[in-house]
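Q: Residue numbers (my numbering), protein chains in the order written: chain A, 1 to 189; chain B, 1 to 189.
Hints were generated in silico from the structure; no laboratory data involved. Cβ atoms here follow ideal geometry from the backbone N, Cα and C, with glycine treated the same way.
Within a straight-line C-alpha distance of at most 20 Å, the following computed EDC-like cross-link-like pairs (lysine to aspartate or glutamate) qualify:
| hint | chain 1 | residue 1 | chain 2 | residue 2 |
| --- | --- | --- | --- | --- |
| 1 | B | LYS48 | A | ASP78 |
| 2 | A | LYS116 | B | ASP41 |
| 3 | A | LYS112 | A | ASP151 |
| 4 | B | LYS164 | B | GLU135 |
| 5 | B | LYS167 | B | GLU189 |
| 6 | A | LYS84 | B | GLU119 |
| 7 | B | LYS116 | A | GLU35 |
The following residues of chain A were derived to be distant from chain B, with all beta-carbon distances above 12 Å:
| hint | residue |
| --- | --- |
| 8 | LEU132 |
| 9 | LEU143 |
| 10 | LYS146 |
| 11 | LYS164 |
| 12 | HIS166 |
| 13 | GLU189 |
There are 2 protein chains.
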Amino acid sequence: MIKYAIPKKVKKEKTHINYSNRGMVFEEAINNTNEYYRNIDKALIHKKPTPIHIVKIDNSNNPARICDAYFEQPSTTDYNGIYKGHYIDFEAKETRNKTSFPLRNINEHQVKHLLKVQEMGGISFVLMRFTLHDEIYLVDSSLVGKYYYSDKTKSIPYQVIKSKGHKVPYGYLAEIDYLKVVDQVYLNE
Amino acid sequence: MIKYAIPKKVKKEKTHINYSNRGMVFEEAINNTNEYYRNIDKALIHKKPTPIHIVKIDNSNNPARICDAYFEQPSTTDYNGIYKGHYIDFEAKETRNKTSFPLRNINEHQVKHLLKVQEMGGISFVLMRFTLHDEIYLVDSSLVGKYYYSDKTKSIPYQVIKSKGHKVPYGYLAEIDYLKVVDQVYLNE
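Just chain A, with the same shape it has in the complex:
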């Protein structure tokens, strides 16, 4: 049986977050939102662990330590789970570009995965954050797929996202309240 190291508990202070110019904050805000959704039994959505290829484990320690490994390219998206009986699957990305959203850092496996989810009857999208506009949009996978495969620059213009995407409101407990948008866009509620 594997022994796990017990991570130190970090007490989280709930403070008003200035979202600009802070790396990782977007991911953290989504994780907090999902945790809130879980706590109120609204949805069961988790971030998947980062895929890693382990090369060498040092067993002389207890618990064992990984002493050599590298990052693998993810074949699926970062987030999935269940909401109101529906399978939900999405990726989250941000850009400092003001005029378009580059799709370069979404790999083709992920785009195919998002499109396949929709074929299978699930709900899938990309949450796109424009850091400098401080705006987040839910962009349906079909639009992502369209630009991924047909646009030479592999990017979606900001104006297209503004008109065809769906702005996600910031909230207090649900910091990035994307399920409110899912209700409107996919569930007609």
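Given the structure of chain A, go ahead and fit chain B onto it with the hints provided.
A: Chain B only, in chain A's frame:
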């Protein structure tokens, strides 16, 4: 942008597998089954990466190498995805015990997660393999939860699994054809 190391492609030979006495083969067989299900567009189910806490990254290499990390306790199950529009979530475990299935190596987070999936309208279970009987059973989360919380020894007797669980057939292309059982047990097909 993160650079990924390209893993060497290993050519897989399809041979008849003797499942006895071979560690990791169970997990591999489930992964192969899921890959087959994906290839024929039957279901979109993936194994989640193992959760790892990264302590130190060596950036002097390109791509970067992880030079210190440890295993974290998973808070969800290993497998999830979508099948016929339904959210599917399960854990897979095996034992060399002949008379009962010990639940010790399923952690409480995972049991709670499985039960929560069902409350949310999803399908969840544990695939249990008795290595020495060479039998695999699909055991519904409610039965797992019952024994996890009420049985002193935290284990389910083999006879109970034989009568209340559902035997999963071995197949050729779908090596562990658990969706056949899902059809019968959850979808009345």
